[in-house]
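Generate coordinates for the entire structure from the input sequences, incorporating the hints supplied.
Residue numbers (the UniProt record's numbering), protein chains in the order written: chain A, 1 to 793; chain B, 1 to 793.
These are calculated hints, taken from the structure and not from any lab test.
Hints should not be assumed to be uniformly reliable.
These stretches of chain A come out as covered by chain B in the derived footprint (C-beta under 8 Å, 3 or more residues) [claimed, not checked]:
{"#": "1", "region": "136 to 146"}
{"#": "2", "region": "209 to 220"}
{"#": "3", "region": "425 to 433"}
{"#": "4", "region": "489 to 502"}
{"#": "5", "region": "546 to 554"}
In this text, all values refer to a predicted model and were calculated from it rather than measured experimentally.
Glycine included, each C-beta is placed from N, C-alpha and C at the ideal position.
Number of protein chains: 2
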Amino acid sequence: MPKVEHQDATVLTDDEVRTLDAHWRAANYLAAGQIYLMANPLLREPLRPEHIKPRLLGHWGTSPGLNLVYTHLNRVIKARGTDALAIWGPGHGGPSVLANSWLEGTYSETYPDVSRDGEGMERLFRQFSFPGGVPSHVAPETPGSIHEGGELGYSLSHAYGAAFDNPDLVVACVIGDGEAETGPLAASWHSNKFLDPVRDGAVLPILHLNGYKIANPTVLARLPEHELDELLRGYGHAPIHVTGDDPLTVHRAMAHALDEALDRIALLQNSAREDGVTERPRWPVIVLRTPKGWTGPAEVDGVPVEGTWRAHQVPLAGVRENPEHLRQLETWLRSYHPERLFDADGRPVADVLACVPEGDHRLGATPHANGGVLLRELPVPSLDRFAVPVDKPGTTLHEPTRILGDLLQEIMKDTSHRRDFRLVGPDETASNRLQAVFDASGKAWQGIVLPVDEHLDRHGRVLEILSEHTCQGWLEGYLLTGRHGLFSSYEAFVHIVDSMVNQHIKWLKTSRELPWRAPIASLNYLLTSHVWRQDHNGFSHQDPGFVDHVLNKSPEVVRVYLPPDANTLLSVADHALRSKDYVNVIVAGKQPCFDWLSMDAARAHCARGAGIWDWAGTENGGEPDVVLACAGDVPTQEVLAAAQLLRRNLPDLAVRVVNVVDMARLMPREEHPHGMSDFEYDGLFTKDKPVIFAYHGYPWLIHRLAYRRTGHKNLHVRGYKESGTTTTPFDMVVRNDLDRYRLVMDVIDRVPGLAVRAASVRQQMADARSRHQAWIREHGTDLPEVADWGWNA
Amino acid sequence: MPKVEHQDATVLTDDEVRTLDAHWRAANYLAAGQIYLMANPLLREPLRPEHIKPRLLGHWGTSPGLNLVYTHLNRVIKARGTDALAIWGPGHGGPSVLANSWLEGTYSETYPDVSRDGEGMERLFRQFSFPGGVPSHVAPETPGSIHEGGELGYSLSHAYGAAFDNPDLVVACVIGDGEAETGPLAASWHSNKFLDPVRDGAVLPILHLNGYKIANPTVLARLPEHELDELLRGYGHAPIHVTGDDPLTVHRAMAHALDEALDRIALLQNSAREDGVTERPRWPVIVLRTPKGWTGPAEVDGVPVEGTWRAHQVPLAGVRENPEHLRQLETWLRSYHPERLFDADGRPVADVLACVPEGDHRLGATPHANGGVLLRELPVPSLDRFAVPVDKPGTTLHEPTRILGDLLQEIMKDTSHRRDFRLVGPDETASNRLQAVFDASGKAWQGIVLPVDEHLDRHGRVLEILSEHTCQGWLEGYLLTGRHGLFSSYEAFVHIVDSMVNQHIKWLKTSRELPWRAPIASLNYLLTSHVWRQDHNGFSHQDPGFVDHVLNKSPEVVRVYLPPDANTLLSVADHALRSKDYVNVIVAGKQPCFDWLSMDAARAHCARGAGIWDWAGTENGGEPDVVLACAGDVPTQEVLAAAQLLRRNLPDLAVRVVNVVDMARLMPREEHPHGMSDFEYDGLFTKDKPVIFAYHGYPWLIHRLAYRRTGHKNLHVRGYKESGTTTTPFDMVVRNDLDRYRLVMDVIDRVPGLAVRAASVRQQMADARSRHQAWIREHGTDLPEVADWGWNA
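Set out below in C-alpha cells:
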C-alpha cells in the first residue's frame, strides 16, 4: 500500500456526497430490481404485473448496507490507490455485490452477455434467483469474490488468510451481525494475534449491525454500545462507529470512518515497518449501524418492514396479485430516480461512476480474488534427499510424518523470500512430528513473548491456533488468493471442519466450470494421530470418517490417499502439494512404522495408486487362492504379518497381497477420474477369489466404492467398527477384528476347503490372539513386534 | 439455591487453609500417582523402577488447577448447601477429576472394586491410561460428569444447557485457555443473553489460564489483563481474578473469589425473582491464573517444566530407565506428604476430607450429572388431534413441518409448568414453519426488547442463536441433565455439528454400557429446508450427507427417518420424542407436500419402517416385474408419479411401490437392531427383480446399507449427485436424474424385454422431460403438478 500521511478529518464536498449517493442509489435500485423485475428494467413505462417475476425470491435486507460499503470502498480505493480485496460476509448479499460489479463494469467484462446497458440490466435482473441463474448469495460466479455466502462464519478467517504475506493488501471484511453469532466467526476475531504488520497486509473488519437475522434481533446489535466496544477492544480492535439512517449524514460519517481506519492502518504498518515497533497493533474495526432494508418500504400491510427482520427477504411479497403492493414497489423503485442514474441506453451516468476506481483496482477485478492468476508453482525438492533407505521391506522403522516434516522444512526454506507457503494446524505441528519445519520458519505470534517460549516468530509462517475452524478459514483464504499450504490435524477432530470443507469443495467444483477462474493450489490435509493409536486418549479420539465425508463430494475435486509408510507418504505429499483445484486428504501415522518400499518403488506404487506387492505374497504365476488387500499403515502391517503367518503355516496357499494408496482407484472409472476399469480391477482383485480387505476406516466404505465390481460378493472387509478405548496399538486392532490372527482366520474361513484342512492353524491363531491379549492385560504393553518376515527373495 | 445474604469478604482461618491444602495436595498426589505408579501407591517403600508403569501416559499439566477448583467448590457447596454441577472443560483433566471423586467417595461407590483405601488406590492408579482402563480425559465412566474431555469447545454451552430450567442449580464450568480459542466456546459466551435469572439456574465460568496448550502459549493468557477484562465484560461478565503460585495465598484468594461470585449470583437472582428486576444480569466470571503443572518438577534435564507447555503431559518421561528422573519423581510425590494425607490403610485422613460435602451434594454424586434419574416421560398428546385427514392419497397438500409445529406447540403447553422441553435452532424456527410453538412459548431473550419485536420472552423455552454449535451444546447439556428437546436445522448446515454429534453418540454408546447411568431422552434432529428445494439458495445449501455421517456411528444409538408426508412425520416425531438414548435424525420438508397416508396408515407404516404401498402399484398377486422404491418426501412424490405414468402407459406391467421411512431397516439384522431379516427384505424387494430406488440423499448410501442382500445386483439407485443450483423443485430432480420421467425410463431400461416393447413410451418420457425443462427456462416456474393419480381402488 502506498505510504499515506495521516490526513485531517475527512470532509466530503457536497458534490462528493451527491455522486457517492448516486452510486449508492443506483446499486440499491439494481439490487431491488434483481429481486422483482423481469422486464421494464429502467421503469420507462408504468410498472405492470407482467414485468414482475412469477416467483419473488431473494434478499433485500442486507443489500443497502453492503451497497453503502461498496460505494465507499470505491471512493477510498480511488482516492488512495489502495490495493484492496473485499469479503462480503452477510449470507445473502448477492443482489448487492452483483449490482456493484455490474456498475463498475467487471460483471459485463466477465459475462459479456450481461452488458452494462439496458439490455444487460434486464438480463442481470432476470437471471437472479431464476432457474439456472445465480443464487441470492455471493458465489464463485461473482467477480471479485473469494467467499461464498450461505453458510456463515468464515468471512473474517478468509480475510486474514488473504492478508497473510500480502503486505500491500487491505482486506475489507463485512461481517453481518447474524454471522457474528457463529462460533467460527467469534473465534476468528483473535486472528489479529497472528497478523504480522510487517510482512502481512491489513484486515479491516466492518461489523454491520442491521439489527436482525431471519426472524430475530441479533445479539451484538442489542448490546449497549459501551459493552460492544468492550468486546471489540477485548478482541484487540479500536472501534470506529458509523450510525444512522439519513443517507447524506451516513455518507459523510462513513467516508470519515474509512479514512480514519486506513490512516490508522498505514500508521500502524509504518510503525512496524519503518520504526521497528513490535507491539501488537490495535487495528481499527468499523461498526456500521444502518437499518435492515434501508430505503425499502417502511410499512407493508400496516406492519413495519424497513428496519425490522421483515425486510430480510422480499419486503413486498404479493406484487403480481396485489395492486397496492405493485404501487408500493413502483414508488419504492422510483424513489431512487433511475432516470437520473442511467442514460437513455441504460448505462450508468457519469455521476454514478464518479467514485469507481479503474482497472484492477475495481473490487470485482482484483487478481487477489482470482488467485490462480497469481499462483506460482511450489518448489518441491527432489524426494530422494528425504527418502528413507529400504533394502528389505519391514526391517527398519520410521515415523512417516517426521520424514515429511523434513520435506516441509525444505519447502518452507525455499519459499522464505516468496512467502507463499504456510502450514496450519490446531497446536499440533510438533505433536504430529512435523517440528523440523521450525528450523525454517517459526510460529506466527504477535502476542507477548516470554523467555521460556520456543519457535515463536513475528514473521513465522506456521500458524497454530486451537481452532480448526480458524485454521481452515485461514488456509482457504490463503489458497484462494493464490498461495500454497497444508493443514495437519488429528484425524478424529478434523470432522470439526466437515461443513467448511463441503463449501470449499463446492467452490472448487463450480470454479472449475468457470473459464475465467484460474486453478488454485489444492487444499491439502494431513490427518495423523489416527484412530489406531489410542495410547492415552480413547473412544472420543477415534473417528476415521472424514474420508467417507469427503468421498461423498464432487469426484473431480476430491482425492484420498492412505500411504502405508514413510516413502509413500513423501510421494503422495509431493503429488498433493503440486496439484491444483483438489482437496487432497492424506491419512498417515506419526508413530514408528515399518518401511516397506524404497523411494523408487514408492513412487511407482503411488503413481499406480494400487498394486500387487509380490514380495509379500506367495503366488506362483496363475491366480491366487486368496487376496489380502490393505489400505492404511496399520492395516498394511497387519496384512503383511498375516501373509507371513500364512506362508509359515500354510505354505502351499497362493496368497496375493494388494496395497491401495489412492482410495478412488476402487471406484468405477465412470464415477471418479482415478477409478479403475473393471479389467484392471479384476486383474488385481480377481473375479471370483475371496478378498480379505483390511481397511483403515469404516469397512462399508470399501463396499460403497466397489459394489459394482464383478468380484464384490467375495469381498470381505475388516475395518474400524467403533470399538476400542485407551489401549495398546495391538489391542486396538484386536478389538476391531483387524489383527493378523483374525485375518488369517478369515482366510481359512473363506477359502473353499481350507476350513477343515487348516483347523489346527485356525486354533493356533485364536490361541496366539488370546495370549497376546492376556499379555496386554498383565503388562500394559504389546508383545514385541516380529522381525523376520520371510519375504520372497 | 438457598437464599444467601451478602457476606463480608471471605477470610479463611488458618485451619481452613490447612485442610483445604491437605485436600488439594491429596488430589495432586493422586493425579500424579495415576500417571506413574502401578505399585507402591502410598510410597511406603522407596520408589523403584518396577513400581513405575511401563508406558507413561497421561496429562499432568491441567490437573493441579482443576484440583484447586474441585477443592474449593467442595468448600462452598458444603458451607452453603449449594446444589452444584461441575463441567471440566480442559481436555485432559481426567487424572484430577478421578482423584477428586475417589477422595469424596463417589468413585468407590460407583466402582466398588476401586475402594477408598490403599488397595483401591493401587487400582485407581493402575487402570489409568492402561489397556482397557480409563482415558486421560473425563468420560461417561467418570462419576459426576456430563462432559467428555478430548474434543474441545463445548463446556460452556453444556453448562448453560444444564442450567436452563434448573433454577436452584449452580453450574461451575472450568474453561481451559486452550479450549477458549475454539469457535464453539467463543460463541457460547453469549449464552448469558438467553439465561433467565428467574427460571434458570446460574452458570459460573471459571477461565483457567495456565498459559499453554500442547506446545504453544494461549491467546487469552498473553492478553494484557485490561484487554482480557474488556473481552470478558464485552461478553457480559464481571471478572474476578485469582492469580498466584503460592498455594496458601491462592487458597485464600480462591475462597474469596468463589464466595464473591456466589454472593453475586444470589443477589442477581434475588433481584430478578423477588424484586422483578428485568435488566440482563452481569454474571460473574472467575479468571484463575496458576502455573501449568503447578507443584510438579520445576526443571527436568536442565529445562524449565513447571509453568510451561512441557508440563502438558508427563513431566518426567524416563523414570524407569533414568535414575535421576526416578529420584525427581520420588521427591515430587513425597513433597505432598502422602503419609500425612492417607492413614495406615490408605484412606484419606479427616483433614483431607474436611471440605468434602455429603451425599448428593458431592460433585460426583449429583443426580444432575446422571440426568436419566431425573427424567420424566414427555407428555406427547394423541396424534389424532393433529393428523391431516386423508381420504385418498395425493389429493391434498400440507406443509409437514407446519403440522409438526402444532404438535410441538401442544407439548410446549403441556410442559409449561414442568419446564422440561426445549426447542433449539439457529434462527430458523419460523423459517422451518414451526412457528405455532410461539403461541405456547416465546423465544428466550434477556437482551433489550424493542416494540417491533415479536415472540421474545424472558421465560421462553425456544432457543434461537445463529450458532449451530451453541444450539447443539445447549441441547446436549439439557438432555444430559434429564430433560427433553428437539433441534431443527437446515439440512445442509447441520454438518456444522458433525463432530459434536459424533461425541454425543459416543457418550450415549458408552453410557448404555454403564449400568449406573440411567437412560436420557434422545437427541432429536429435524432437518428441513432440504436439498431438493433451492428456490433462491443454490449449490452451497445442498447437502444430504448428515444421514451418511450419522449412520457410520454406533448402530445401537443412531436412527434415521425420512417420513414422506405430514402424518408420517407426526408418527416418527412421536416415536423420537418418547425414545431414550438415541440420536434420531428426521428429514422432512417444509414445503407443501402431498398427503399420502391417513394417520392410522401412517402409524402402521412407520411402525414397520418400510412397506409396500399396494394402492400405488399394479401388482396382481404374484411377483412384480419391477419394484419402485423410495425414501424421502420428494423421491416418494416422483416415484408415485412414475408409477402413475407406468400405469397409464404400460398397464400390463406389474409394478410394486415400496416406501422406506426408517433407513436402518435396509441394513442386515446383525448390523442394526432395526435391520430386516433377509426373508423380510426379499419379501419386499424380491430376490431377482429390478429395483429402482429413488432416495433423498447420496445414492451409494442405499448400496452401503443393502450390499449384502441377495437382490443387491438388481438394485439401481437414483439420488442426489451434487447437481443443481438456484432453480425450481422439478428442475432439481431432473438435474439429479431423480424425476418421474427418468424413473420410468429406468424401469424400461431394466425390465427384461421392455426396452423394445416400450421404446415409444421411453421417447414420450424423454420428450415430456425436455418440454418441462423448456417451460422452466422460459417461465421460471414448474408446470402445475398432476392431480389425477389413478390409484387402485
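Verification of the hints:
Counting residues of the region 136 to 146 of chain A whose CB falls under 8 Å from any CB of chain B gives 3; the rule of at least 3 is met. Residues of the region 209 to 220 of chain A with a Cβ under 8 Å from some Cβ of chain B number 7, which satisfies the need for three, so the listed coverage holds. For a cut-off of 8 Å, the count of residues in the region 425 to 433 of chain A with a CB near a CB of chain B stands at 5, and the three-residue condition holds. With 7 residues bearing a CB less than 8 Å from a CB of chain B, the region 489 to 502 of chain A meets the requirement of three and the coverage assertion stands.
With a threshold of 8 Å between beta carbons, the proposed coverage of the region 546 to 554 of chain A by chain B holds, since 5 of its residues qualify and at least three are required.
Checked against the numbered hints above, the structure breaks none of them.
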